[in-house]
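K.L.:
From just these sequences and the hints, can you work out the full model?
In mature numbering (1 follows the signal peptide of the UniProt record, and there is no 0), the protein residues as written are -19 to -1, 1 to 210.
Each hint should be verified, as a subset may be incorrect.
To be verified - The calculated BS3-like cross-link candidates involving lysine-lysine, where the alpha carbons are at most 30 Å apart (straight line), are:
no., residue 1, residue 2
1, K106, K188
2, K5, K78
3, K192, K106
4, K78, K106
5, K110, K168
6, K78, K16
7, K192, K110
To be verified - Label pairs and their calculated CB-CB ranges:
no., residue 1, residue 2, range
8, R22, A151, 36 to 42 Å
9, K204, G142, 19 to 25 Å
10, G137, S53, 34 to 40 Å
11, T171, C119, 42 to 48 Å
12, N6, Y194, 18 to 24 Å
13, G137, K169, 47 to 53 Å
14, N6, K168, 39 to 45 Å
15, D172, F10, 44 to 50 Å
16, K43, K192, 38 to 44 Å
17, N40, L75, 16 to 22 Å
18, S118, G153, 16 to 22 Å
19, R22, K197, 20 to 26 Å
Just so you know, these hints were derived from the structure itself, not from any lab.
A virtual CB, placed ideally from N, CA and C, is assigned to each residue, including glycine.
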Amino acid sequence: MRKIIMGLLSVSFTTVTFASSDQKNYQQFIPKDWKIIEIARGDLNHDGMEDIVLVIEENNRKNIIHNDGFGSPNLNTNPRALLVLFKTAQDYQLISKNKKLPSENDADSPCLADPLDDGAVTIAKGILKIKLHYWLSCGSWYVTNNTFSFRYQNQGFKLIGFDQMSFHRASGEESSLSINFSTGKMKKTTDKNEFEESIQPAKFEWKNLKKQYDLKLESINFKEPPEFE
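P.N.:
Right under this line is the structure:
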């Protein structure tokens, strides 16, 4: 029994030590007075190693704005950034960076909740997904989710897909948009209603994109509504 306990303690200590060392390796990419608010793990370049994606935020009290109107009394407008780090044999390598993420609060739209809620950044089957959730406590009944899908190819993260879902909290109306940039196809879905007792068939419309897009992660402005045609 003593040997088993000692073995378990040894494994636990090794795990903690590795985690601490691993954190130290990627902590070097975090600027002074910035903090990590979200981390996603997964193999992005199919080398069998666990890469990480960090969402970081400046920690500056000067960016906390007092609000006398609707919404939160204090608005956190600290800037954010997204870092993609590939795992190497000994360390991490910074592969991509985006400085155009929305902040927790918006002085121009104080009723808007944090678009980057928990689980906004995910990695699955080598695809990096960034989901932005738009919900307002005043000014609009609509809830909108925008999901961007990126794949690592040709030494960069290319936008390969975009999905949007909109829901009206009062009427129950739903609509969605799905774009495949690899095929140049766009699918629109309308006439769905969450509140209707009888399920009505939705309307689907397929279109070809009018132009070709070759967008990289670094160039996407996540602060602005995307426009694709």
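K.L.:
None of the hints should be skipped; say for each whether it holds.
P.N.:
Hints versus structure:
Of the supplied pair hints, the one linking K106 and K188 holds, its CA atoms being roughly 27 Å apart against a limit of 30 Å. Proposed proximity of K5 and K78 is supported: the alpha carbons are some 19 Å apart, at most 30 Å. At roughly 28 Å between alpha-carbon atoms, K192 and K106 fall within 30 Å of each other, so this suggested pair holds. A distance of roughly 21 Å separates the Cα atoms of K78 and K106; the hinted pair therefore holds under the 30 Å criterion.
As the CA atoms of K110 and K168 are separated by approximately 19 Å, the hinted pair is consistent with the 30 Å bound. Taking the CA atoms of K78 and K16, the gap is near 15 Å; set against the 30 Å cutoff, the hint holds. Between K192 and K110 the alpha-carbon distance is near 23 Å, which keeps this suggested pair within the 30 Å criterion. In this structure the hint that R22 and A151 lie 36 to 42 Å apart at CB holds, the actual value being about 39 Å.
At roughly 20 Å, the beta-carbon separation of K204 and G142 lies within the given 19 to 25 Å, and the hint holds. Under the hint 34 to 40 Å, the C-beta atoms of G137 and S53, about 37 Å apart, fit the expected range. Judged by the Cβ atoms, the range 42 to 48 Å given for T171 and C119 is violated: they are separated by roughly 26 Å. The beta-carbon spacing between N6 and Y194, approximately 35 Å, falls outside the hinted interval of 18 to 24 Å.
The supplied range of 47 to 53 Å is broken by G137 and K169, whose beta-carbon atoms lie about 29 Å from each other. About 42 Å separates the C-beta atoms of N6 and K168, a value consistent with the hinted range of 39 to 45 Å. At roughly 47 Å, the beta carbons of D172 and F10 sit within the given window of 44 to 50 Å. Checked against the hint of 38 to 44 Å, the pair K43 and K192 passes, with Cβ atoms roughly 41 Å apart.
A hinted range of 16 to 22 Å for the beta carbons of N40 and L75 is consistent with their spacing of about 20 Å. Restraint check, S118 to G153: a C-beta distance of roughly 19 Å satisfies the suggested window 16 to 22 Å. In this structure, R22 and K197 meet the distance hint of 20 to 26 Å, their C-beta atoms being roughly 22 Å apart.
Violated hints, listed in ascending order, are 11, 12 and 13; each of the other numbered hints is respected by the structure.
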